[in-house]
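Asker: So the chains spell out like this:
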Amino acid sequence: MAAPKRRRQAPKHSRKSLDPRQHEVFLNSILENIPDMIFVKDAKDLRFVRFNKAGLKLLGVTTREVIGKNDYDFFPKDEADFFTQKDRDVLARGKLVEIAEEPIHTRRGVRILHTKKIPILNEAGEPQYLLGISEDITDRRQAAEALQQANTTLMAKNQELESFTYSVSHDLRAPLRAIEGFAQILLEEAAAHLNDEDRRLLNIIRANTLQMSQLIDDLLAFARIGSKSIGKSRVPMDDLAKSVVADQQKLDDRPATIKFHPLEDAYGDKALLRQVLVNLISNAFKFTRLSPAACIEIGSKKTDREIIYHVHDNGVGFDMRYADKLFGVFERLHTSDRFEGTGVGLAIVQRIIQKHGGRVWAEGRVHAGAKFYFSLPLPAAGEG
Amino acid sequence: MDRLDAVDVLLVEDNDSDMELTTRALKKQDIAQHLHVVKDGAEALDFLFATGVYAGRELQKLPKVIFLDLKLPKISGLEVLRRIKSQRLTKKIPVVVLTSSQQERDISECYELGVNSYVVKPVDFAKFTQSVGETGRYWLTLNQPPF
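Chains as they are written, first to last, in the numbering used here: chain A, 1 to 384; chain B, 385 to 531.
No false leads were mixed into what you were given.
Below are the DMTMM-like pairs computed for lysine to aspartate or glutamate, each with C-alpha atoms no more than 25 Å apart in a straight line:
| hint | chain 1 | residue 1 | chain 2 | residue 2 |
| --- | --- | --- | --- | --- |
| 1 | B | Lys455 | A | Asp218 |
| 2 | B | Lys423 | A | Asp171 |
| 3 | A | Lys302 | A | Asp238 |
| 4 | A | Lys228 | B | Glu493 |
Counterexamples of contact, computed for chain A against chain B with all Cβ distances above 12 Å:
| hint | residue |
| --- | --- |
| 5 | Val49 |
| 6 | Arg64 |
| 7 | Thr84 |
| 8 | Lys301 |
| 9 | Phe330 |
The set of hints was computed from the structure by calculation and includes no laboratory data. Just so you know, even glycine gets a beta-carbon here, dropped at the ideal spot from N, CA and C.
Produce the complete structure using the sequences and hints provided.
Answerer: The structure is reproduced here in structure tokens:
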């Protein structure tokens, strides 16, 4: 059923231009309501003949104070000289001049203006008026400066962090190496004088030293991810996960059942996403070590906004009360004598996924397995 | 000065413990007979260029390999490496950087300057002994030196 055709006929009077009186009213309302300063000077002695509301407000003056006056009545001499020289320039060249940034002293303090000066010519082609339009860009300039300042501070902080990382990596390792090394030398060279208890104590020293060394390495790895920029491309998660599983199976000869559902491709940083899979899958292997029939399930699901990947296991699980602690640095829900580790792996997972604009979360129950999820946004149009 | 003219290995290391561990690792390979230790970058350069306390050492007698730590007092390891590799007299000496630093920046800068090996000191003593020992054995017995 077709709608009746509407005749396209505009009301007659709108086709005509405004009559001169309406035209003036119209222009005046534009002039007075526009947020930028607009002024008109006569070309001969550059006295103001027109000043709009925004201009009066900007300078903090009234119409009566400005009409008939010139720049020297309001501004310091050097500023007035500058304005006048620009005005003369515009009028002499008969062309628009744009001043990207000019400071101006007003009764309300210094403002920064972006100004256009336009010559208005009479019928004989001689300059009659000078039209000025100024936008107050003080706030924008200040915001840009604040941003610049913040950037500089941030860069300094980054530099500081980098040198801190450097000291950590270098200076903390040296004493550890000495403790470990000399404990070992003592074990070897004093072997004849040491009893079992002495050896046990020395080995505790060594084990703790190596543990701390691992902590330093993990912490550095975590810090590095924070400062690294990510390069995005299409990542075959299926291949990646399969190779990670194969690597884990080589390290671990228990017959864990792997339920592998085909994985959607991701869009992100391949090396970092591999790290995510390594950390989650190796955790699944680690925490099913005590399970009689270890089972690990890996899969993904695509929604209209994102892809959600999961790694489930039927291992020792965790108490949901502590779920928010899982992804914190150095947070561990198991003692290190049961399950080795420094508590950085999941923090790294979270950091990588957040850098990709995704989310991580987990569900679990004590002795009833853990389910880890991470989501990655679908590539935006033009990406991927 | 005779003894200083017969140096095979120059170890530049400011940390006494690391120095002792490195020396032990080299001794285990039986390659530390002609080892000389200097404790900062300035002393390393004095030794190599026979200046300062090493004035009078025969300039042409150069070590077969230099083990260089990066973080050193006075003159840094990177600067020492830069000077060694920019001087005609010393540029051919194999330099092994032996450091705790795994910073990509350090590694790439060292190679940029012409380092011959870059070895990260492991904390684990067994691995440390193996790394340092094997590196020493390689440069002193397997590698054909330039002089």
